[in-house]
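Asker: Listed below, chain by chain, are the residues.
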Amino acid sequence: MGEAVKAERIYKSFQSDKTKIEALNEISFSVGTGELFGLIGPDGAGKTTLFRILTTLLLADQGDAWVDGLEVVSQYKEIRKRVGYMPGKFSLYQDLTVEENISFFATLFDTTLKENYDLVKDIYVQIEPFKNRRAGALSGGMKQKLALSCALIHKPSVLFLDEPTTGVDAVSRREFWELLRNLQAQGITIVVSTPYMDEASLCDRVALIQDGKIMDIDTPKGITAKFNKSLWAARSNDMYKLMNDLRADERINTCYRFGQFHHVTFNEMDHEIKIIADQLISRGHADLRIQKIDPTIEDCFMALMNE
Amino acid sequence: MKQFLYFIRKEFYHLLRDRRTLFILFGMPVMQILIFGFALTNEVKNSRIAILDNSKDEATSRIIHQFEASRYFDIVENLNFYAELEPTFQKGQIRLAVVFPEQFQESLLHTNSASIQLIADATDPNVANTLTTYATAIIMDYQSSMEETQDFPYTINTEMRMLYNPQLKGSYNFVPGVMAMVLMLVGAMMTSISIVREKELGTMEVILVSPIVPIRVIIAKMIPYLFLSMVNIASILLLSVYVLDVPIQGSLTLLVFECFLFTLTALALGLLISSISGSQQVAMLISLMGLFLPTIMFSGFMFPVENMPIPLQVISNLVPAKWFYYIVKDIMIKGTGFQTVWMDTLILAGMLIVLLVVSLKKFKVRLE
Amino acid sequence: MNREASISVVDLTKRFGSFTAVDAISFDVKKGEIFGFLGANGAGKTTAMRMLCGLSMPTSGKAVVAGFDLYKESEKIKKSIGYMSQKFSLYEDLTVRENNRFYGGIYGLTDEQIKEKTAFMLEHLKLESKADTLVKALPLGWKQKLSFSVAMIHDPQIVFLDEPTGGVDPITRREFWTMIYEAAHRGTTVFVTTHYMDEAEYCDRVSIMVDGKIEAMDTPAELAKQFNAKGMGDVFVQLARTAKRSDN
Chain A
1 MGEAVKAERI YKSFQSDKTK IEALNEISFS VGTGELFGLI GPDGAGKTTL FRILTTLLLA
61 DQGDAWVDGL EVVSQYKEIR KRVGYMPGKF SLYQDLTVEE NISFFATLFD TTLKENYDLV
121 KDIYVQIEPF KNRRAGALSG GMKQKLALSC ALIHKPSVLF LDEPTTGVDA VSRREFWELL
181 RNLQAQGITI VVSTPYMDEA SLCDRVALIQ DGKIMDIDTP KGITAKFNKS LWAARSNDMY
241 KLMNDLRADE RINTCYRFGQ FHHVTFNEMD HEIKIIADQL ISRGHADLRI QKIDPTIEDC
301 FMALMNE
Chain B
1 MKQFLYFIRK EFYHLLRDRR TLFILFGMPV MQILIFGFAL TNEVKNSRIA ILDNSKDEAT
61 SRIIHQFEAS RYFDIVENLN FYAELEPTFQ KGQIRLAVVF PEQFQESLLH TNSASIQLIA
121 DATDPNVANT LTTYATAIIM DYQSSMEETQ DFPYTINTEM RMLYNPQLKG SYNFVPGVMA
181 MVLMLVGAMM TSISIVREKE LGTMEVILVS PIVPIRVIIA KMIPYLFLSM VNIASILLLS
241 VYVLDVPIQG SLTLLVFECF LFTLTALALG LLISSISGSQ QVAMLISLMG LFLPTIMFSG
301 FMFPVENMPI PLQVISNLVP AKWFYYIVKD IMIKGTGFQT VWMDTLILAG MLIVLLVVSL
361 KKFKVRLE
Chain C
1 MNREASISVV DLTKRFGSFT AVDAISFDVK KGEIFGFLGA NGAGKTTAMR MLCGLSMPTS
61 GKAVVAGFDL YKESEKIKKS IGYMSQKFSL YEDLTVRENN RFYGGIYGLT DEQIKEKTAF
121 MLEHLKLESK ADTLVKALPL GWKQKLSFSV AMIHDPQIVF LDEPTGGVDP ITRREFWTMI
181 YEAAHRGTTV FVTTHYMDEA EYCDRVSIMV DGKIEAMDTP AELAKQFNAK GMGDVFVQLA
241 RTAKRSDN
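Protein chains in written order, with this note's numbering: chain A, 1 to 307; chain B, 1 to 368; chain C, 1 to 248.
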């Protein structure tokens, strides 16, 4: 299995008025052929900048990168023939119809919708009933599918999707990831960026990126396995009070709200959970529940941020 | 009240921190006042004229001397034959010719009257009027100065002939000007906006990351506006000829070719503007301020270029619209052919090539 | 009409031509409650929120916000509420201090009060050194937290938050919610919309809009039971699939 994407010590900074912003700092990683690779991080982490460098749209200040074995600076023309790119905000022509959009992008790559219909069929059939509707009048989920079809239409070997699920409702998000899995089965390498931590578990491997640096790269299970503390979930009838009480306790290291529970780590290993629980109950917490849980990617991300 | 004041203060902060807008708000008016005040004037000074003296006697030389002394006129040609007048006007070297008949002084002495013919290039009727008025004034001056020494009053008649535009129609002048403006606007501004809009939408990114050669993208963007411009030309010419009675004296084919050349120049300018503009608003601003305004000011159709101070005349040479305006006037109104306009055409073509080379080089294959 | 509630809404409707964006919704929000207002894109929640903020007039229905009638006393409502959204919060080309002075001035605070609040805010967020920095130079996480503080500068009764934590890193998100808790604890009612399902769990009560109507409203725990779901995420997906209006 070769490397579809490889980056080595990429550095990129921008100048805005008087401040210098370091967008990417010594980024190195690689993606294997046929992998579904996730770049997970919040806004401002550097995801879009990195994508633009890999798709040959920007030049890095330092470092090298290769896509499909081709170097991004000197062989950019070749790369542009083989990659599919879906930038943030789904760049579609609002005043053209669905059909006109996809035909245009097809001809950019010297092909037609007919020729490659099978490739995009799974996705395109969902929007085909609306093929004469202007792209501007589509809902977020449909725009997303159209933009994906346009990025795929020329049978790229590597697909770069920059935050394709941002601003789209939860149902469409799930469906989108299923579509990606199906595409992967056809042998396309897919690199996706997203700020949603829960989407990380849907990838083969992920890189956690924050403030221009990669904090960790591994399979989702590999990352959670590295979480070196025990993680406990705690819940009571007054979650706000519980958080304050836990945070005030010297034995507690971190306490963060996670949905219905607080995720808690301790300063030393193997604390007597029963002692702490009893103390909390005596403080008036009813319905107290504390149980050990496995860490999620989000727990790991936050732990890495705190390092 | 305080609420109101705080809001005002905030607005000042926004204003003062946006350097580009500040420049436009303060810099532009200053520049415009200076330019308009010093340079753009309807006054005519140092206008180029020719003298055709068929008498060459004392009276004529005195009158000619007055013309020489006048700051309004610059005698650039002393012609000998009537036949020389037409070509000289055609070449655009003079705006006015003063023609003395044979035996001018003799006529005055024996019959107490004589005529002087004033022939004016009326393609710009306002200038023609002004010049003939000034010229007549000089001649009348001479006439009254002579009266003091004579018993019987002299009468010097001035015969006026307006070349190319005998009815002194203003439309003869502004039709070429409007053509220049429209082509510049449609060609440059719309092209630049179209390219920049692609950048703003983000679709430019997708286009760049595709095998299409960027130059094809550019040409594809220009072609609709090229087509639109030619349609505009057709409608302007049709309206001019049939509704405004402005003739096309010269070759229509040549005229269309020149329009085509100028449109390409405008498109190239549009391309250049798009590569230095980050947003559609900036593109529009630069098009209007940097192109449209100079086109109006320096093309010569509102303010005669010859009357501007030298530095501004030099600037006007850099404005493609100026060359186009004179070419169109020559072809449409004067009816001249390629032999007259070949140099102007060459200059325009040269500008086009330079602009194309520069804008193609500046067109970025990447985002930054 | 429950006049003791912080927000009380009966049959609130908004029509745009033949399209009914908000279809006769009714609910109450208690004082000091953290009320989550969820719905898919296009379900009508933004329209509803705009009406409650006094930004858009309802077509029909009754509403009382912060004790004032929505139709007759909308100016008084505006003085008693705060607003913050993901898209716009602070002016990027003004400094932190200047933003405070501006918003404080708009809401009628005296210079003394503004100074006091600014000092408190900066200390609380540990931003003292950045008081005179332009907002655009601040990291995103700090901007969001600062926006919230500024929205609260005039101690409003109710604060409306429109997807305030979009795109922000997970730690800042939680710090943000700690600030929300503290505000609610002090008695401010918090009306918040969000796309993060775990944040829905943080609310006291949640309502979910589908096709302009409120299809579910209760505490997160009750909703999970009602829909036999593992959490708010599941509840939301179940309801969203019934929607006719949006994507699929």
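Hint data in this document are derived by calculation from the structure and do not stem from the laboratory. All C-beta atoms in this analysis are idealised placements derived from N, C-alpha and C, irrespective of residue type, glycine included. Hints should not be assumed to be uniformly reliable.
[What the hints assert, rightly or not] FRET-style restraints, in silico, Cβ to Cβ:
no.: 1; chain 1: C; residue 1: Ala229; chain 2: A; residue 2: Lys221; range: 23 to 29 Å
no.: 2; chain 1: A; residue 1: Glu22; chain 2: B; residue 2: Ser279; range: 55 to 61 Å
no.: 3; chain 1: B; residue 1: Val241; chain 2: A; residue 2: Arg133; range: 44 to 50 Å
no.: 4; chain 1: C; residue 1: Gln113; chain 2: A; residue 2: Glu272; range: 48 to 54 Å
[As the list claims (entries may be wrong)] Below, simulated DSS-like cross-link-like pairs (lysine-lysine); rule was C-alpha separation at most 25 Å, straight line:
no.: 5; chain 1: A; residue 1: Lys20; chain 2: C; residue 2: Lys62
no.: 6; chain 1: B; residue 1: Lys2; chain 2: B; residue 2: Lys91
no.: 7; chain 1: A; residue 1: Lys81; chain 2: A; residue 2: Lys121
no.: 8; chain 1: A; residue 1: Lys89; chain 2: C; residue 2: Lys143
no.: 9; chain 1: B; residue 1: Lys10; chain 2: C; residue 2: Lys31
no.: 10; chain 1: C; residue 1: Lys31; chain 2: C; residue 2: Lys117
no.: 11; chain 1: C; residue 1: Lys79; chain 2: C; residue 2: Lys130
no.: 12; chain 1: C; residue 1: Lys78; chain 2: B; residue 2: Lys2
no.: 13; chain 1: C; residue 1: Lys30; chain 2: C; residue 2: Lys72
no.: 14; chain 1: A; residue 1: Lys81; chain 2: B; residue 2: Lys45
no.: 15; chain 1: C; residue 1: Lys143; chain 2: A; residue 2: Lys213
no.: 16; chain 1: C; residue 1: Lys117; chain 2: B; residue 2: Lys2
no.: 17; chain 1: B; residue 1: Lys361; chain 2: A; residue 2: Lys77
no.: 18; chain 1: C; residue 1: Lys225; chain 2: B; residue 2: Lys2
no.: 19; chain 1: C; residue 1: Lys244; chain 2: A; residue 2: Lys241
no.: 20; chain 1: B; residue 1: Lys362; chain 2: B; residue 2: Lys221
no.: 21; chain 1: A; residue 1: Lys89; chain 2: C; residue 2: Lys87
no.: 22; chain 1: B; residue 1: Lys364; chain 2: A; residue 2: Lys20
no.: 23; chain 1: C; residue 1: Lys130; chain 2: A; residue 2: Lys213
no.: 24; chain 1: C; residue 1: Lys76; chain 2: A; residue 2: Lys121
no.: 25; chain 1: A; residue 1: Lys18; chain 2: C; residue 2: Lys136
no.: 26; chain 1: A; residue 1: Lys18; chain 2: C; residue 2: Lys72
no.: 27; chain 1: C; residue 1: Lys31; chain 2: B; residue 2: Lys2
no.: 28; chain 1: B; residue 1: Lys221; chain 2: A; residue 2: Lys81
[Stated by the list, open to error] From chain A, some residues computed to sit far from chain C (all C-beta separations above 12 Å):
no.: 29; residue: Glu26
no.: 30; residue: Asp61
no.: 31; residue: Gln62
no.: 32; residue: Val73
no.: 33; residue: Asn116
no.: 34; residue: Lys226
no.: 35; residue: Glu298
no.: 36; residue: Asp299
Asker: Does each hint fit the structure? Answer for all of them.
Answerer: Comparing the hints with the structure gives:
Judged by the Cβ atoms, the range 23 to 29 Å given for C/Ala229 and A/Lys221 holds: they are separated by roughly 26 Å. Roughly 26 Å separates the CB atoms of A/Glu22 and B/Ser279, a value that falls outside the hinted 55 to 61 Å. At roughly 46 Å, the beta-carbon separation of B/Val241 and A/Arg133 lies within the given 44 to 50 Å, and the hint holds. The given range of 48 to 54 Å is respected by C/Gln113 and A/Glu272, whose C-beta atoms sit roughly 49 Å from each other.
For the proposed pair A/Lys20 and C/Lys62, the alpha carbon gap of about 52 Å is over 25 Å, so the pair is violated. Of the supplied pair hints, the one linking B/Lys2 and B/Lys91 is violated, its CA atoms being roughly 69 Å apart against a limit of 25 Å. Restraint check: the Cα-Cα separation between A/Lys81 and A/Lys121 comes to about 21 Å, which is no more than 25 Å; the hinted pair holds. As the CA atoms of A/Lys89 and C/Lys143 are separated by approximately 22 Å, the hinted pair is consistent with the 25 Å bound.
A C-alpha spacing of about 34 Å is found between B/Lys10 and C/Lys31, which places the hinted pair above 25 Å, so the restraint is violated. Among the hinted pairs, C/Lys31 with C/Lys117 is consistent with the structure: their alpha-carbon atoms are about 23 Å apart, no more than 25 Å. For the hint pairing C/Lys79 with C/Lys130, the CA-to-CA distance comes to about 28 Å; that exceeds 25 Å, so the pair is violated. With a CA separation close to 17 Å, the supplied pair C/Lys78 and B/Lys2 stays within the 25 Å bound.
Simply put, C/Lys30 and C/Lys72 have alpha-carbon atoms about 22 Å apart, close enough for the 25 Å limit, and the pair holds. Proposed proximity of A/Lys81 and B/Lys45 is contradicted: the alpha carbons are some 63 Å apart, above 25 Å. Only pairs whose Cα atoms come within 25 Å are accepted, and C/Lys143 paired with A/Lys213 is accepted, the gap being roughly 21 Å. Of the supplied pair hints, the one linking C/Lys117 and B/Lys2 holds, its CA atoms being roughly 18 Å apart against a limit of 25 Å.
Proposed proximity of B/Lys361 and A/Lys77 is supported: the alpha carbons are some 17 Å apart, at most 25 Å. Taking the CA atoms of C/Lys225 and B/Lys2, the gap is near 52 Å; set against the 25 Å cutoff, the hint is violated. A hinted pair counts as satisfied when its Cα atoms are at most 25 Å apart, and C/Lys244 with A/Lys241 does not qualify at roughly 41 Å. The hinted pair formed by B/Lys362 and B/Lys221 meets the criterion: a straight-line CA distance of about 16 Å does not exceed 25 Å.
Note on A/Lys89 and C/Lys87: the hinted pairing holds, with a Cα-Cα distance of about 14 Å set against a maximum of 25 Å. A hinted pair counts as satisfied when its Cα atoms are at most 25 Å apart, and B/Lys364 with A/Lys20 qualifies at roughly 23 Å. Between the alpha carbons of C/Lys130 and A/Lys213 the distance comes to roughly 24 Å, so the proposed pair stays at or under 25 Å and holds. Between C/Lys76 and A/Lys121 the CA atoms are separated by roughly 56 Å; this puts the pair beyond 25 Å, and the hint is violated.
Our distance criterion of 25 Å between C-alpha atoms is met by A/Lys18 and C/Lys136, whose separation comes to about 11 Å. Taking the CA atoms of A/Lys18 and C/Lys72, the gap is near 49 Å; set against the 25 Å cutoff, the hint is violated. Pair hint C/Lys31 plus B/Lys2 does not hold up; C-alpha atoms about 30 Å apart against a cutoff of 25 Å. In summary, the hint linking B/Lys221 to A/Lys81 is supported, as the alpha carbons are separated by about 21 Å, within the 25 Å threshold.
At roughly 19 Å from the closest C-beta of chain C, the C-beta of A/Glu26 stays outside 12 Å, upholding its exclusion from the interface. Every CB of chain C lies more than 12 Å from the CB of A/Asp61, the least distance being 21 Å, so the non-interface label holds. At roughly 23 Å, the least C-beta separation between A/Gln62 and chain C is larger than 12 Å, which holds for a residue marked as non-interface. Separation of A/Val73 from chain C is adequate, the least Cβ-Cβ distance of about 30 Å exceeding the 12 Å criterion.
For A/Asn116, the condition that its CB be more than 12 Å from all CB atoms of chain C holds, with the nearest at approximately 24 Å. The beta carbon of A/Lys226 is kept farther than 12 Å from every beta carbon of chain C, the shortest such distance being approximately 17 Å. Chain C draws A/Glu298 into its interface by the beta-carbon criterion, the shortest separation being 5 Å against a cut-off of 12 Å. The non-interface label for A/Asp299 is inconsistent with chain C: the shortest C-beta to C-beta separation is roughly 9 Å, within 12 Å.
Going through the hint list in order, the structure does not satisfy hints 2, 5, 6, 9, 11, 14, 18, 19, 24, 26, 27, 35 and 36.
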